[in-house]
Amino acid sequence: MTLAAEETESVISPAGRQLRQGNKAPRPARRWMTLIRREPLAAACLAGIALLVLIALLAPALAPYDPNNNDVLNRLKGPSATFWLGTDELGRDLFSRLLYGARTAVETSFQSVGMALLIGVPLGLLIGYLGGWWDRVAMRVTDIAQSIPSLIFAFAVIAILGRGVNQTAIAVGIVFSIIMLRIARGLMLRERELLYVDAARVGGLSTPRILFREILPNVAGPLIVEAALLLGSAIMLITMLSFLGLGLEASTPDWGSMLDEARKYQVLHPFMALPPGLAIMAAVLLFNFTGDSLRDALMGRRRVAHRKLRQDRRARNAPKAKAPVQDADTVLTVQGLRVSYLSESGKPMEVLSDISLDLHRGETVGLVGESGSGKSTTGMAMVGLLPDTASSSGHVWLGDTDMLTAPAAEAAKRRGPEIAMVFQDPIGSLSPVHTVGQQLIEPMQHHLGLGKEEATRRVIELLEMVGIPNAAQRINDYPHQFSGGMAQRAMIAMALSCRPKMLVADEPTSALDVTVQAQVLKLLGRLSTEFDMAVLLVTHDLGVVSEACDRVVVMYAGEIVEVGKVADVLAKPRHPYTYALLKATPRNEAPAGRLPTIPGTVPPPWDFPRGCRFAPRCAFVKEACTIAPVALVDGVRCVRAGELSLEVGA
Amino acid sequence: MTALLQVKDLAITYRTGGSIIPGRSRTFDAVKGVSFDIAAGQGLGLVGESGSGKTTVGRAILRLVKPSRGSIKFDGQEVTAFGSNTPLSFRRDVQVVFQDPRSSLNPRRTIRDTLAQVIKRHFDTPDDETQRRAAELLDKVQLPSYHLDRYPSELSGGQQQRVAIARALAPQPRLLVCDEPVSALDVSTQSQILNLLSDLRRDLNLAYLFISHDLAVVRQVSDFVVVMHRGAIVEQGPCETIYTEPQADYTKLLLSSVPALDAWKRRAGLNA
Chain W
1 MTLAAEETES
11 VISPAGRQLR
21 QGNKAPRPAR
31 RWMTLIRREP
41 LAAACLAGIA
51 LLVLIALLAP
61 ALAPYDPNNN
71 DVLNRLKGPS
81 ATFWLGTDEL
91 GRDLFSRLLY
101 GARTAVETSF
111 QSVGMALLIG
121 VPLGLLIGYL
131 GGWWDRVAMR
141 VTDIAQSIPS
151 LIFAFAVIAI
161 LGRGVNQTAI
171 AVGIVFSIIM
181 LRIARGLMLR
191 ERELLYVDAA
201 RVGGLSTPRI
211 LFREILPNVA
221 GPLIVEAALL
231 LGSAIMLITM
241 LSFLGLGLEA
251 STPDWGSMLD
261 EARKYQVLHP
271 FMALPPGLAI
281 MAAVLLFNFT
291 GDSLRDALMG
301 RRRVAHRKLR
311 QDRRARNAPK
321 AKAPVQDADT
331 VLTVQGLRVS
341 YLSESGKPME
351 VLSDISLDLH
361 RGETVGLVGE
371 SGSGKSTTGM
381 AMVGLLPDTA
391 SSSGHVWLGD
401 TDMLTAPAAE
411 AAKRRGPEIA
421 MVFQDPIGSL
431 SPVHTVGQQL
441 IEPMQHHLGL
451 GKEEATRRVI
461 ELLEMVGIPN
471 AAQRINDYPH
481 QFSGGMAQRA
491 MIAMALSCRP
501 KMLVADEPTS
511 ALDVTVQAQV
521 LKLLGRLSTE
531 FDMAVLLVTH
541 DLGVVSEACD
551 RVVVMYAGEI
561 VEVGKVADVL
571 AKPRHPYTYA
581 LLKATPRNEA
591 PAGRLPTIPG
601 TVPPPWDFPR
611 GCRFAPRCAF
621 VKEACTIAPV
631 ALVDGVRCVR
641 AGELSLEVGA
Chain Z
1 MTALLQVKDL
11 AITYRTGGSI
21 IPGRSRTFDA
31 VKGVSFDIAA
41 GQGLGLVGES
51 GSGKTTVGRA
61 ILRLVKPSRG
71 SIKFDGQEVT
81 AFGSNTPLSF
91 RRDVQVVFQD
101 PRSSLNPRRT
111 IRDTLAQVIK
121 RHFDTPDDET
131 QRRAAELLDK
141 VQLPSYHLDR
151 YPSELSGGQQ
161 QRVAIARALA
171 PQPRLLVCDE
181 PVSALDVSTQ
191 SQILNLLSDL
201 RRDLNLAYLF
211 ISHDLAVVRQ
221 VSDFVVVMHR
231 GAIVEQGPCE
241 TIYTEPQADY
251 TKLLLSSVPA
261 LDAWKRRAGL
271 NA
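These protein sequence lines map, in sequence, to chains W and Z. Just so you know, our numbering puts the end of the first sequence at 650, numbered straight through with nothing missing. Just so you know, our numbering puts the end of the second sequence at 272, numbered straight through with nothing missing.
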């Protein structure tokens, strides 16, 4: 399922790009409005923080009394018009103390987190960037520091520095610096692997510049989130310290010490504990919510993308379609398949338009196209694994089942015994914490109802069939112990375990080396004959199609532009796109001047031309091409199919 | 003619499974005794599969990894002797284009920023001159100048790779290390970038170290080819000689494994 999610991402990413394009450098006011609209919780939290800071700043003006003004005559009074929240054992006004407590809380927490940012972040970034011995020594030191409970650590620091607002902030700041250091170092370790950092080094930029100008802006998001969460922790830690009578001086009004006083009178005046308790809770919650909503806002968990496009009402109310009469050879029939997503700007965008296609037993069909052509989405639709955010119409008939509309449980039952799938990244498709054997044997027990021994025997047989040497021993290995080629063989074995009638292979060899690719393609060819199954080979490489396929379906911008026998299409393409793609594919031949190219790029789904979608890049375009959508006639979608003669040279 | 770049007996060993105790960590020889030369203006193709060490060789030349043995001489200067600070003059002369333009451009910087900071760093030009040069660079890679104020995420893969090339050209290098520069691109964009690289090489007399797993691509851009397998060179020679008369068994295997566009002809023959 993680793979399905990945697919989704790659499908919707153009939408993300458009969104960023649309929001390029908005004016500040607009930006705030967008924030409020898109992230109401984040906006509310920011407003809450602003309010808290304002109270802290204006405490002297807002408080009706001096927070330390003793008034023994009015000690331990309940709430009244004079003392809104009552008074404590020395007759000090609790409301005033609460306001001044906010001041203390804000002062200490911001100071300590600020210190953590100023010390922990640069140190962490530097240590992560330098790596090696620096990293190892620094990490062991922080390990030791973090093995001491933070409260005890803070005690120790206060014991040395003495009590007071600044001293407490420093004590907590040291604890938090270590936390921040670890986080910044972790982020740096990840960021350091990215090529833009290498590019900056090769560009001759100085280390401080690379750290703070190049990398810091890219890791600022997670650091800000962490800082917000730490503000909450800071309030907790500081109130805890003063509740225990440590940290702040007795004269400093503070929520923790208020709570401590309330504790002494909890039987007589239970109300006393309420204001400071609620204040602490509210402040901590405020910062935690802020952290969480910032995380959502900054790290791109976009709710909009998850909104589903409402199904076309006509399609929903249409009478239940009946499976077409298929001849004995036909395994799968795609009829008028359309798939749309909702772009983040809210407009529907059709990524697949009117796909119709039959697959027969024993044949290998190449589904070829560039990125953005919709070839992978077509494959996912066939196995009934379109992401939830997609809306679709048309049919994918696998026998009597429409994989497109069948309930999820029904479609899942077909996957395995009737249709199976192999993905591009074999090692990523396997769980890293289970042995390859476990991952193959258990589904087999489940699907075929075999006993453990019987299933194990079958798995070993299958692995031997796909050419894994020492299969009986290798089932005890973990995926990382497999090479890419061997892992892909294992995935193929897994896919074939229930003898499906059809296999969808999505770029099965793109991540493999050429020598291994040749072997895996050969294996797929052999298995398709042996199992008499239909294979849909999704690929970007016409060479692979030529090596391994009987028929080819060429896709461009969500449409099939040409279908035919491989020998026919590759020798004499009828669509200018197929022709151009063939010419642009590098051949293993001596260079002969400039390489033929296709000008421009594949248009994004929200920008498909009205007429022929290839027209803007086509060398043979004429006016008729741009007027209306072109139909697929006799296996080719081109207005000029009859008149063009597109011979590919020897 | 002396070579622009001379790599001699280069070996690179990685430590795997780090341990604090010296001598306890395991090691992995990524590159074992590799030697080759690149002349000024020459295109050298470095071919190999994953794990062949080809990328590591490129990174050593760029001083992104430390060689454990051997010498790398650029323009007569020993690159391995530079110490921890790489001289700016070397950074000016040797530049890089990586495989994945998406991650090789800083997502938080506009194209203008990305180019300007390299220009400024190397030439310390006044602002208006920096801007002029940035626009000129974009023109060199055939991108309209309105892209200057865009962010990388707003460009297509091919456009991003053009920006990466423009950035590499900014210091006016003499050697360009291209590490799989077209592998992440679609076929139609791939040939555009390959043509651009050929044009630039001709116009600027650039030398290329062209690292790739794709034999068909390497053949289009190289004068000389080095074939690597498991960290060692199995064969090197003039490009066409390697492709037409491969000597090593491994080279032969590699060449025969490349999916051929006209494979259907062979298969049709077999089936008939």
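Simulated from the structure, these hints should not be mistaken for lab results. Some hints could be false.
Computed cross-link-like contacts, DSBU-like style, restricted to lysine-lysine with a CA-CA straight-line distance of at most 30 Å [said to hold, decoys possible]:
| no. | chain 1 | residue 1 | chain 2 | residue 2 |
| --- | --- | --- | --- | --- |
| 1 | W | LYS583 | Z | LYS252 |
| 2 | Z | LYS265 | W | LYS583 |
| 3 | W | LYS583 | Z | LYS32 |
| 4 | W | LYS322 | W | LYS413 |
| 5 | Z | LYS140 | W | LYS572 |
| 6 | Z | LYS140 | W | LYS522 |
| 7 | Z | LYS252 | W | LYS522 |
Is LYS583(W) within 30 Å of LYS252(Z), Cα to Cα? holds, 25 Å
Are LYS140(Z) and LYS572(W) close enough, with their CA atoms no more than 30 Å apart? violated, 37 Å
Hinted pair, alpha-carbon criterion (30 Å max): LYS322(W), LYS413(W). Please report holds or violated. holds, 20 Å
Regarding the pair LYS265(Z) and LYS583(W), is the alpha-carbon distance no greater than 30 Å? holds, 17 Å
Going straight from one Cα to the other, do LYS252(Z) and LYS522(W) come out at no more than 30 Å? holds, 18 Å
Take the C-alpha atoms of LYS140(Z) and LYS522(W), compute the straight-line distance between them, and say whether it is at most 30 Å. violated, 44 Å
Take the C-alpha atoms of LYS583(W) and LYS32(Z), compute the straight-line distance between them, and say whether it is at most 30 Å. Violated, at roughly 39 Å.
Hint violations for this structure: numbers 3, 5 and 6, all remaining hints satisfied.
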